[in-house]
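*Asks:* Below are the chains, spelled out letter by letter.
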Amino acid sequence: MAQSQPAIAGLGITAQGKVYGRTAAQFAAEAVRLAVTDAGLALGDLDGLLVSSGLSTSVGIDLQGALGLTDLRLLTFMQGYGSTAGQMVQYAAMAVQSGMADTIAVVWADDPLKEKTRTSAAYTAARSAPKGWRGITASNGIASANTMYALAARRHMQKYGTTQDHFGHIAVAQRRWAQLNPIAQFYGTPLTLEEYHASRYIAEPFHLYDCCLVSNGGVAVIVTSLDRARALRQPPVRILGWAQAHPGHAGVRDDDFGLVSGAASAGPRALKMAGTTLDEIDVIEVYDCYTFTALLTLEDYGFVPKGEGGPALAEPGMLGPGGKLKVNTGGGELSAFYMWGMTPVHEAVVQARGQGGDRQVAKHDRVLVSGNGGVLDYHSTLVLGTDD
Amino acid sequence: MPRFAVRRDDATADFFDGTARGEFLLVKDTQTGEVLAPQFDPAVDPERYLRVPAAGTGTVVSWVVVHQREADGSVSRNPVAIVELDEGPWWWTSVTGADPDEDLLGRRVRVAFETVGDGEAIPYFTVIERGANEQ
Numbered sequence: 001m002a003q004s005q006p007a008i009a010g011l012g013i014t015a016q017g018k019v020y021g022r023t024a025a026q027f028a029a030e031a032v033r034l035a036v037t038d039a040g041l042a043l044g045d046l047d048g049l050l051v052s053s054g055l056s057t058s059v060g061i062d063l064q065g066a067l068g069l070t071d072l073r074l075l076t077f078m079q080g081y082g083s084t085a086g087q088m089v090q091y092a093a094m095a096v097q098s099g100m101a102d103t104i105a106v107v108w109a110d111d112p113l114k115e116k117t118r119t120s121a122a123y124t125a126a127r128s129a130p131k132g133w134r135g136i137t138a139s140n141g142i143a144s145a146n147t148m149y150a151l152a153a154r155r156h157m158q159k160y161g162t163t164q165d166h167f168g169h170i171a172v173a174q175r176r177w178a179q180l181n182p183i184a185q186f187y188g189t190p191l192t193l194e195e196y197h198a199s200r201y202i203a204e205p206f207h208l209y210d211c212c213l214v215s216n217g218g219v220a221v222i223v224t225s226l227d228r229a230r231a232l233r234q235p236p237v238r239i240l241g242w243a244q245a246h247p248g249h250a251g252v253r254d255d256d257f258g259l260v261s262g263a264a265s266a267g268p269r270a271l272k273m274a275g276t277t278l279d280e281i282d283v284i285e286v287y288d289c290y291t292f293t294a295l296l297t298l299e300d301y302g303f304v305p306k307g308e309g310g311p312a313l314a315e316p317g318m319l320g321p322g323g324k325l326k327v328n329t330g331g332g333e334l335s336a337f338y339m340w341g342m343t344p345v346h347e348a349v350v351q352a353r354g355q356g357g358d359r360q361v362a363k364h365d366r367v368l369v370s371g372n373g374g375v376l377d378y379h380s381t382l383v384l385g386t387d388d
Numbered sequence: 389m390p391r392f393a394v395r396r397d398d399a400t401a402d403f404f405d406g407t408a409r410g411e412f413l414l415v416k417d418t419q420t421g422e423v424l425a426p427q428f429d430p431a432v433d434p435e436r437y438l439r440v441p442a443a444g445t446g447t448v449v450s451w452v453v454v455h456q457r458e459a460d461g462s463v464s465r466n467p468v469a470i471v472e473l474d475e476g477p478w479w480w481t482s483v484t485g486a487d488p489d490e491d492l493l494g495r496r497v498r499v500a501f502e503t504v505g506d507g508e509a510i511p512y513f514t515v516i517e518r519g520a521n522e523q
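Chains as they are written, first to last, in our numbering: chain U, 1 to 388; chain W, 389 to 523.
One chain only, chain W, in its complex shape (with noise of 0.2 angstroms):
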């Protein structure tokens, strides 16, 4: 789950324009087909790349398990990973709920998003449960 609240910059405004949508967008490359992470600027060539949203899962590539002192004095344990986009690009969250002490190598994870205050949704991913309809 996201912890705190994040701004818009120039930079990440088409994209959280797609998370207050529910949208994930990663950009698409016209000519070649290859899809792209959501930091590529497509203004470099607008006919040429396209935002485009992205289905919303992926696959766990490495993950570790933060320890995060928190306000009360105690520790908690985050689990956080690299997941490899459905489309190719690596993509760098937390994975809320999962359980710190399971191997999350190659689980299957979807995107949530999360307001936090008056900032903008910020997207997180949670474990797809074994046996599951990802759709």
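Isolated chain U (complex conformation) (with noise of 0.2 angstroms):
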């Protein structure tokens, strides 16, 4: 029996960013919902769910209870961080494909914001643990992501010459597209070269406007056959390609950390996958939890050279609505919300299908998706396509 290609049939998204006296739990069930109805199915089709979260303790395999299900030939929960989305996405394919599930639920939420809690001290809050290793990190002051991923930063400047300026000029573009999406956070907040410059420190060279929001939310995507996608509500969303790389940093003499990221290993192996090439993809949806992390994401998928993404970027008339490369049209987890790797799987899923509306780019053919956890240690990446 030839084996079913996997197809992504619904998108579901609850309201994002500053929501409160909701639980990840709860933003988790809605999404299901929301995607399932989007799909034009019901609830009772799903015999598969891949469930996750960030840093909530309340999202767990319980989510079934929670929606009702019974019967199902497939239920996890899954942590890869950053990676986790597109991993997530990439077991529900191979689910698929072998015909160990027919209709799955992928699911991400989190609820790290709390009322009248500062916004800096969602993430930083909940992982202060005094004790062993990262007891010691974090009374050096090296107490959150920001401050690693500056780190990272620091080298890749140093070896490469990037500057501050072309960190900027990825926040200005992203910015620029979530003008034009009406769920982004940013939108209705346009941002300036000279305001990015001007924005508090977080961890120098890192200012505010580099570094990703914080959101409540959740995201969920159903993944089935291509054949049971076509009968469906909207266009198929092909699942083409997937690959993951977690390089493994040794933390000694001669590390390429900060110059180098998963997406070099499993950009091109996913694109084969997929029988595609670079010069294919339209549309480029990389995680970006900082600038950073997508100028390093971009070089190593190979859309720019090693070491000058920096001042290739931050060419006029490459990045931004327009732009050569389409890259994090919806304002990314810079200025749209941050739901982890869900960000740029939910974008890449509403520009391959074409209702990205005054934002949606013309040709969406091919659509390049990257995951990024932990400080650069977990890869994913995934090729989506139009049914064609």
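For the record, the hints were derived by calculation from the structure and aren't laboratory data.
One thing to keep in mind: the hints can contain errors.
[As the list claims (entries may be wrong)] Some, not all, of what chain W presents toward chain U, calculated at C-beta under 10 angstroms:
1) 402
2) 424
3) 433
4) 437
5) 440
6) 445
7) 459
8) 463
9) 477
10) 491
Since the model is a prediction, treat every value here as computed from it, not as a measurement.
Beta carbons are placed, not taken as given, at the ideal position from N, Cα and C, and that holds for glycine.
Relying on the hints, combine the two individually framed chains into one complex.
*Replies:* Shown next as structure tokens:
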């Protein structure tokens, strides 16, 4: 029997950002319901559920019960940090290919923001661990991912001459895209390069606007066979290729930390599986927890030469609406919302379907999606495509 | 300077025994001669892996300046770095007392220890002044 080809048939997203009074588990359940409805399915049609969350402890496989799902053939919680969403789509695709399950909901949700608590405290507070190795690092003032990524970025700046101005161009370009995305948290709030430079420092060289948003909410997609997707409500989005890369930094002399990411390895493998090449990619949705992460990923995929991402991406006409490279077309994690790996997956599905409204990219046959977790430790790549 | 007390767990007990003596312990692979980070667990093969004191000196391979909002509302600028220890392993640390406006890349640093509250002695690093005798 021929393998089923996997496709994304449903997409659901809750309200994003400072949405209080609801738990991550509630966001997750809502996102699944929205995705099922979007696909033209009923909850009872699901036979698989893959669940993940950020730092919330409220999301788990008991989501099955909350949704009233019975007789599932696939159910688990996964965690690969920022690479998780892409990974979940991969495992769901393989489950469909193998016949293990037919219609799988893939969901991610989080609720780091609490009312009357500073946004900046959302992640550090939950992670403070005054014990053991992490306690030593935290007590030394290295208590957040902001600092760790800034240390990575500085390596790139030192080796290749990348500048804060280069980072700023990425922040500004993505904010321009966000002005075309009504669900972006920074919709209606443009950003100039001057404002970027004037924004407060988090960890020099990172300004506030080098860092992603913090958001409450949930996102879900429905993965099923292409044949089934064709009979449903939405244009099918094919899952054509995928790969993961988890470099495992040695943390010793000659380490390439900050200079290369898993995208360098996973990108070519995912493109090969999809039977496509870089020059056929129409839309690029990369994980952008920081401006630097987007820059590094675009270099590692090969859209710009290694080490030249800073000046190349800052060239007029390169990024932003109307630019040569259609990157993070919804505003990304920097300017739309921070659903970890679901931010790029969500926008990739929107664009591949042709449902991007004012920000829709005209040619959207092939979409490259990255996920990145840890401090450049974990990576997933997806190649999505239209049904042709 | 370490900011708050840190307690030991099973994985860090030996390391903190070392810091209490003023030693920064690494792990030596006696078969290859390679020196490993302190997080490596010698218990996987105690015949082969030994805890050994580091020289306590290293070189900054990356650094940033963390902006920290203090209790009084002011913002402090604290240089932190990845230090390549002379034995090879990297260590993420505060560089206490360094000028936040100075390019710290390549600067030589030395370990120090501070006991905060009733916690363990916590390692941090300080810049070795140029021209100073490192020993």
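*Asks:* Does each hint fit the structure? Answer for all of them.
*Replies:* Against the structure, the hints come out as follows:
no.: 1; hint: 402; result: violated, 12 angstroms
no.: 2; hint: 424; result: holds, 8 angstroms
no.: 3; hint: 433; result: violated, 19 angstroms
no.: 4; hint: 437; result: violated, 16 angstroms
no.: 5; hint: 440; result: violated, 16 angstroms
no.: 6; hint: 445; result: violated, 14 angstroms
no.: 7; hint: 459; result: violated, 14 angstroms
no.: 8; hint: 463; result: holds, 8 angstroms
no.: 9; hint: 477; result: holds, 5 angstroms
no.: 10; hint: 491; result: holds, 9 angstroms
Checked against the numbered hints above, the structure breaks hints 1, 3, 4, 5, 6, 7 and satisfies the rest.
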